[in-house]
Amino acid sequence: MTCLLWSAHDSADENLQFCSSMEATRHRLTSQQIQELTSQLTELIKYMPVLPSTPIDLAGLGKTAMAAGGELQLLGSWYSPYAIRAKVALGLKGLSYEYIEEYLFSKSDLLQKSNPVHRKVPVLIHGGRPVCESLVVVQYVDEAWAGTGPPLLPADAHDRATARFWAAFIDDKFFQAWRQLMRSTTDERRAEAFKNVVPQVETLEQGFRECSKGKKNFFGGDAIGLADIALGSFLVWIRVVDEVSGTKLLDEAKFPGLAAWAERFLAVDAVKEAMPEFERLLEHYKGFLAKLAAPAGYN
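The opening residue of the sequence shown carries number 1 in the UniProt record's numbering; numbering runs sequentially from there.
Because the hints were derived from the structure by calculation, they are not lab data. We put the beta carbon where it would ideally sit given N, CA and C, even for glycine.
Subject to a maximum C-alpha distance of 27 angstroms in a straight line, what follows is the list of computed BS3-like cross-link-like pairs (lysine-lysine):
id: 1; residue 1: K107; residue 2: K286
id: 2; residue 1: K173; residue 2: K254
id: 3; residue 1: K248; residue 2: K195
id: 4; residue 1: K173; residue 2: K248
id: 5; residue 1: K173; residue 2: K216
id: 6; residue 1: K120; residue 2: K291
id: 7; residue 1: K213; residue 2: K173
id: 8; residue 1: K254; residue 2: K272
id: 9; residue 1: K248; residue 2: K291
id: 10; residue 1: K286; residue 2: K248
id: 11; residue 1: K248; residue 2: K216
id: 12; residue 1: K272; residue 2: K213
id: 13; residue 1: K248; residue 2: K272
id: 14; residue 1: K120; residue 2: K173
id: 15; residue 1: K254; residue 2: K213
id: 16; residue 1: K254; residue 2: K216
id: 17; residue 1: K216; residue 2: K272
id: 18; residue 1: K291; residue 2: K107
Beta-carbon label-pair distances, calculated as ranges:
id: 19; residue 1: A294; residue 2: D222; range: 44 to 50 angstroms
id: 20; residue 1: D242; residue 2: W78; range: 19 to 25 angstroms
id: 21; residue 1: A260; residue 2: T185; range: 30 to 36 angstroms
id: 22; residue 1: G246; residue 2: P116; range: 38 to 44 angstroms
id: 23; residue 1: K113; residue 2: D222; range: 38 to 44 angstroms
id: 24; residue 1: K213; residue 2: K291; range: 43 to 49 angstroms
id: 25; residue 1: F288; residue 2: Q112; range: 20 to 26 angstroms
id: 26; residue 1: K113; residue 2: K248; range: 38 to 44 angstroms
All chains should be modelled from the sequences, with the hints used to inform the complete structure.
In C-alpha cells form, the structure reads like this:
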C-alpha cells in the first residue's frame, strides 16, 4: 500500500506515522470498517488542498519545503559539479524540486528543448520556464526566493561584484587549469598539469583571505555564498583526482585557508545531500580515464 495523502498543514513525521499505521493494520480491517474509513477519507479530502498530479516522495518531505511560485524541476547529472551547484543552492534555500537525471550520450528531449543553445546541465525549470548555466541558476534561486533561507549573494553592491568576480575566476582560470590534471592519463602529464594549476590555487587562497577578511568561515562571510558554491562543487572531484594522481591540491601546509574552508563547506547539510559518494565518483572517474586512454579517445 502506498500512502499519497498529504496535507499542507500536517508535518512529515505525522504523515509517515499515518502511513505506517495504515500499512500495519490494513489486513485487520473488516469490509464494513474499510467502507466507513473510505467514506470518512472522502469527506476529509473535500477540505484538503488540491493534491499534486504526481505522487509525493515521502522520503524527501522532511528535508525541504515546497517551492513557492510554481513547479520546480532540476535537470542534472549526478556527477556534474555544475549540477551540484544548483542542488546546493536549492538545498540551502530549503526548496523541494523534482530531480531528473540526464545522460551524456542520450540527452532527453526536455533538456534539448529547455537548453537548445548548449544542451547541457544544469537546467532549472520554474513554472515551465527554464533557467540555464550553473552560476545563473544559483543567482536566480537567490533572487526568486530572496525571503527564503540564507542569502547567497551579499546586500552590498561591491561585495556582490566581488563574489561574481571570484565565481568567474573559478570557472575561467582555476577549472581550465585543473581540467588538464583531471584529463591526464600519464604521470608525466599529471606532474606538468599539477604544476600549472597550483598558481590558480595560490590566487584562490589569497582571494579567500580577502573575502573572508581573515576571520570568516566562507568566501561569503559567515555563511555560504556564490563563490563558495562555485568552488565547493568541485571538492569531491578534486579529492578523487588526487586519489588517482597521487597529488594533494588543497594541501594544509601550502593552503591552510582553503583546506580548512573545504572541511567546513563539506560539513554543511545541504552540501552533504548534494555531493556524490566518493567511491562511486572514483569508479566513474577511473572508467572515464580508461576511455580517455583508449585509441579512440573519449568524445
